[in-house]
Amino acid sequence: MTEASIGLLAMLILAFARVPLAIAMGLVGFAGLWWMRGLNPALASVTSTVYEAGFEYTLSVVPLFILMGNFVTRAGMSRELYRAAYTLVGHFRGGLAMATVMACAGFGSVCGSSIATAATMTKVAYPSMKGHGYSGQLAAGAIAAGGTLGILIPPSTILVIYGLVTETSIGKLFAAGMLPGLLAVLMMCLTISFITWRDPSSGPAAERSSWAERFDAMKDVWAVAVLFVIVMGGIYGGVFTTTEGAGIGAFGAFVIALLRKSLNVSVTLDILIESARTTGMLFMILVGALVFANFVNFTTLPSDLKSLVSTHNISPVAVMIAICAIYVILGAAMEELSMVLLTLPVFFPLVVSLGFDPVWFGIIIVLVVMIGLISPPVGMNMFVVRNMLPELSTATIFKGVMPFVYTLVVVLALLVAFPQIALFLPQALKL
Amino acid sequence: MRFAQLLQRTLGFFAAAVLFLMMIVTAVDVVGRYFFNKPLAGGFEITEIGLALLIYCALPLVSARREHIVIDTFDVFMSQGVKTFLNRLADVVCFIALSGVGYILFKRAVRVAEYGDTTNVLLLPLAPVVYTMSGMIVIAGLMHLVLIFIPHAEQAAFDSKEITQ
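Taken in order, these protein sequences are the chains called U and H. According to this note's numbering, the first sequence holds residues 1112 to 1542 in order. According to this note's numbering, the second sequence holds residues 4 to 168 in order.
Derived by calculation from the structure, the hints in this document are not laboratory data. Every value quoted in this text rests on a predicted model; they were computed, and no experiment measured them. Mixed in with the good hints, there may be bad ones.
As the list claims (entries may be wrong) - Chain U stretches covered by chain H per the calculated footprint, using a threshold of three residues with CB under 8 Å from any CB of chain H:
no., region
1, 1155-1165
2, 1173-1180
3, 1285-1295
4, 1391-1399
The beta-carbon is built from N, C-alpha and C at its ideal position, and this holds for glycine as well.
Build out the structure end to end from the sequences listed, making use of the hints.
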């Protein structure tokens, strides 16, 4: 316990002194291993982690999904998705905000990046909402919150990384994210409904679309739907593995972007390089976290936590609520992916030993990350929206996202109370 | 400086080519297997080696553009002078850490070369790949060494920050 605590403390000091997290985690992990097991085992451990992360076939799912997301973003189907959702629900009070959330869910599912989704949707949905007299607060809140849906609805990069680090089936995780994702969409729409019921002027109804217009709008979104169905259907149907699904998805997105004439050689090159850099950045964090995890696993911290829980007879649900609370607080102050990778070696063994399903816990982790992404003061999605809409004050955006923070906390509570929401689909699909 | 830019362009181009190849290989492999019952022999191995090259060739780019994730929660409480000082210190730490990792990976590469390790199907030699990996990590370390003297680079890199979540 002492070694791990000193390690965590050293890690935090380095990290707050602006050492990149990947390096901070790696250094402390290495120093800890050196101290506990000797220099040569520590060196060997670092070498094999660096080496094996490079040659691990299943990890190639990461760059390929990132590439797919970047091609999809470039192809710019966000406008069509928004229009389709608009024709469906725009005539309700708050309908455009609901349409934003739905379009975010559709776009985010194939894009997989909450930041790209929020950024894209700001461009598409904000002018439309503004034009219909929506309050900046509601518009910004819906965009920032909707942007987070992409990491819950499969395929999702963060679920892939969780699956890789904890050796949990990525296929199961993807299936498990589906219903909670739809639940989150529904709850966000209810929240919008509630907000506009309290204050009708914040989201006036737009004109009703005819069914002809609706079908017309639907025609434009088939490409996203087909891509989603091929990738997810292929993975669930056993046609290909997750890694191959990612490759097919990237290729499909490439073809779609080509057909929509959004690519030329230099744009394609930019997208590839950008995806490569994002991959490099993610892998550094991953390698650093793995080295750190090796160290934590040699300390007594995981078993101490387990015995702490068992000697004090703390109920598993209480432990889970405590873990969620820790994550929500940490997530408000820390970059989310690093937070997850840093804490998993400590929490995951405890959670599994208490009898919780690792697949379900993965979905819980994604939900707390989503909450972190829109929680003031440092939620990433809020910053994206604020940077793109300088006319809105930070306070307006803070006020705008808060109802959605509460909404996601309710979704989180529902998932803790009813794990079946996540686990039903993987079981039904017999994954 | 011009050399650093040339290096970045070359690495970027190479990483892009590798990623594109990985995508094509996977697609051809799956389509070939499913529709023509003829998988691409060794597609698996190309992807594996591609991944190793991709990550580690991208690393110097990530370092050069200061795109590593840094906790900036407390930035508001720091003066610019403190921030610049900490950034330089962090770059020194990164330089030392990455050089060290590059060195131990280089020793691993020498061993891989001695054993003459290859992949199973295509019999591609692994040593050049591991040498490349170790070299790239050292180059990334050197990027941090250069960055110690260019604090302004920070601003430009912030403008193009993108994180996939």
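How the hints compare with the structure:
1. 1155-1165: holds (count 6)
2. 1173-1180: holds (count 5)
3. 1285-1295: violated (count 0)
4. 1391-1399: holds (count 6)
In the structure shown, a violation is registered for the earlier hint numbered 3 alone.
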